[in-house]
Structure formats: structure tokens, C-alpha cells
Amino acid sequence: MNAADSVSPTNAAEGLVQSALAAVQNSSIAAMAIKRSDGEALFTWVEAELALNRELERSPRSIRFQTLGRHIALLENTWRIRVSGFQEEEYEILGVIQSTRGHVTYVLDIYLRGSKTFVKQFGVEYLDTQTRDPGTDGEEKSTEGGAQILWSWDGAAAAKYSDDWALTINPAYREYPNDCTNFASQCLLRGGKDQVGSVINRPDDDVWFYGSLESTTSYTWAGAQNLYRHLVLHTNTTLENLAALRPGDLILLKPPGANPQWHTMVVGARTTNDALMNYHSQNTYRRSFLQIKQALQPNTTIYYFKIGNSYQSFRPS
2 MNAADSVSPT
12 NAAEGLVQSA
22 LAAVQNSSIA
32 AMAIKRSDGE
42 ALFTWVEAEL
52 ALNRELERSP
62 RSIRFQTLGR
72 HIALLENTWR
82 IRVSGFQEEE
92 YEILGVIQST
102 RGHVTYVLDI
112 YLRGSKTFVK
122 QFGVEYLDTQ
132 TRDPGTDGEE
142 KSTEGGAQIL
152 WSWDGAAAAK
162 YSDDWALTIN
172 PAYREYPNDC
182 TNFASQCLLR
192 GGKDQVGSVI
202 NRPDDDVWFY
212 GSLESTTSYT
222 WAGAQNLYRH
232 LVLHTNTTLE
242 NLAALRPGDL
252 ILLKPPGANP
262 QWHTMVVGAR
272 TTNDALMNYH
282 SQNTYRRSFL
292 QIKQALQPNT
302 TIYYFKIGNS
312 YQSFRPS
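Numbering-wise (my numbering), the sequence shown opens with residue 2 and increments by one.
FYI, nobody ran anything at the bench for these hints, they're computed from the structure.
Predicted, not measured: the structure shown is a model, and the values here were computed from it.
Warning: the hint list may mix true and false statements.
[Claimed, not checked] In silico DSS-like cross-links for lysine-lysine, where the CA-CA straight-line distance does not exceed 27 Å:
1) LYS161 / LYS255
2) LYS161 / LYS294
3) LYS255 / LYS307
4) LYS255 / LYS294
5) LYS294 / LYS307
6) LYS161 / LYS307
Build out the structure end to end from the sequences listed, making use of the hints.
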């Protein structure tokens with residue numbers, strides 16, 4: 002199949018969902034049968050039609066999925082079907098095969114009322130790339146209430162990386178026109194923060210990962226506001242004050258105005274009452290934050306981020 006003829010797995014799955022509605026459409030008897038079997042019929046066609054137990058080939062990507070858990074709930078006139086499992090994705094970018102693998106959950110809402118049946122929602126909740134392959138040793142993480150990932154945070158390593166690359170660009174990464182958050186994310190990664198997510202849901206705030214192209218990188222990696230929401234909503238990172246920050250922590254600046262250009266900086270070192278900041282865009286090494294603060298526009302909002310050590314999707318069940 003040529004790239005021009007390719008269909009994304011998400012679009013393919015959505016089309017298959019529509020065709021799979023034939024399993025329950027226009028039949029109150031079918032709905033009763035589903036209810037008696039506790040949703041087994043729905044599970045059967047969700048897994049079959051979404052190719053969740055076989056390889057879904059769509060150039061330039063393939064998806065393999067192994068079911069680990071299934072759950073169904075009837076919410077008034079809506080069936081919510083959640084199928085969780087271990088997924089491997091492969092895709093080709095500029096002739097190089099890349100892959101992601103981990104735990105993923107598909108959610109499907111079906112509205113049933115008499116003869117009226119339609120899909121209310123279909124989506125991929127998350128891809129937890131740290132979940133062990135069920136074919137390897139180790140226990141699978143529980144997905145109830147969203148996947149939780151713990152990492153060992155090494156602020157000293159993050160700070161050293163910020164020192165090493167404050168004045169130049171690491172050739173292993175792209176340089177963005179506004180490069181400050183891209184640089185900060187590199188420091189977070191070096192400090193031990195886990196990457197989570199898939200190109201399927203790269204615009205969402207509960208994912209954070211770097212890809213070889215901008216189109217395969219999450220918005221949260223290089224967008225200051227996106228990273229802010231990711232840290233606040235999906236990690237146990239806390240908003241503190243300047244005195245509480247350690248090397249490797251972050252400070253985000255939100256200038257006043259309707260659409261301000263936020264700025265992200267990394268703590269490279271501490272003094273008794275100051276933090277020495279490394280940052281990109283105007284590449285800077287260990288500048289006093291107290292000096293930076295004096296030069297800020299009035300009404301600039303300052304966020305002092307003490308980086309945590311866990312992530313959770315927090316998506317509703």
C-alpha cells in the first residue's frame with residue numbers, strides 16, 4: 002500500500018466501529034441478549050471489529066494488541082465498553098522503523114434506545130510505555146482509575162544536563178524557534194521522568210514523549226502551557242516557592258496579556274536564597290532568578306515547579 006493510500010489506525014478503527022453497529026442496531030432483542038450475557042456480545046465485536054486480538058495492517062503503521070482486561074457498564078441508555086491490553090505499534094518515518102509498546106485502553110460508548118443505535122464516543126485513553134509486556138516477568142500495573150507510573154527522580158542529573166547544554170543544542174534533538182520547553186523536557190527526561198503516550202493522542206495533556214519528527218512528538222514536550230497542564234494535572238509535581246526548589250526543578254513564567262508567550266527555565270544550581278537558571282531561546286547559563294524577576298513585566302505569573310516522581314492518567318472510568 003502506498004503512503005497516499007494509507008489509512009490511520011484511528012480512522013480505520015472508527016470506520017470499523019460504525020460497521021460493527023450492525024451487531025446491535027435496530028434490535029431490542031439483541032440489546033436484551035447483550036444484557037443477559039453481561040456484554041459478551043459487545044466485547045466480541047469490539048475485539049473483532051477493532052482488530053484488538055490480531056494485527057491491524059495500515060501502511061505505514063501496524064498495531065498488535067493482546068487483551069488483558071474487559072469491563073462494561075450500562076449508564077442509563079449508554080453502554081460503556083473498556084478493553085485494556087498490551088499494544089505494540091510500528092511505523093516508518095523517513096525509512097526508519099520506529100515503535101512504541103505498552104498498556105493501552107480503548108473506550109467505546111454505544112447509545113441504545115429502542116431501534117436507535119449510534120456511537121457516542123470512541124477513543125484511546127492512553128499508552129503507558131512503561132508497562133511490562135505480559136510475555137515477560139513482572140506484574141502488570143492495575144489500570145483501574147488510570148495507569149500510574151512511578152519513576153526515580155534524579156534532579157542532579159537533570160541539572161547537570163541543563164548545565165551541559167545551556168549554551169548549545171544537543172544534536173540528538175530538534176531545535177524549536179521557541180526552544181525553552183523543548184530544552185526543559187530534555188532535562189526532565191535526563192532526570193528520569195518517564196515518557197508516556199502515542200502519536201494517536203499526541204495533542205492531549207496526559208501524554209509526554211519525544212519523536213523523531215515534530216508530528217510524532219507530544220504537544221506537552223515543547224509547548225510551555227501544555228507542559229504546565231501535564232505537570233499539574235497528570236503528575237504529583239507540586240507548585241511551591243523559590244526557597245523549595247532544588248536543582249533540576251522548573252520555573253515557568255506567564256507574562257500578562259491575552260496570548261502570552263510562556264517561558265520555561267531549569268534550576269541549574271542553588272544558593273542560600275536564589276536559584277541559578279539555565280534556559281534556551283536566548284541560551285543562558287546559570288542566571289540569577291532574583292535578577293530575572295526584577296526585569297519581569299508587571300503582573301507576570303511565576304510558577305515554581307518542584308518535580309515529582311509519578312504520573313497518572315486520571316481519565317474517568
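Checked hints:
1. In summary, the hint linking LYS161 to LYS255 is supported, as the alpha carbons are separated by about 25 Å, within the 27 Å threshold.
2. Between LYS161 and LYS294 the CA atoms are separated by roughly 23 Å; this keeps the pair inside 27 Å, and the hint holds.
3. For the suggested pair LYS255 and LYS307, the alpha carbons sit about 17 Å apart, so the restraint of at most 27 Å is met.
4. For the given pair, LYS255 sits about 12 Å from LYS294 by alpha-carbon distance, which is consistent with the 27 Å threshold.
5. Proximity of LYS294 to LYS307 is assessed by CA-CA distance (about 18 Å); at most 27 Å being required, the pair is judged to hold.
6. Our distance criterion of 27 Å between C-alpha atoms is met by LYS161 and LYS307, whose separation comes to about 17 Å.
In this structure, none of the earlier numbered hints is contradicted; all agree with it.
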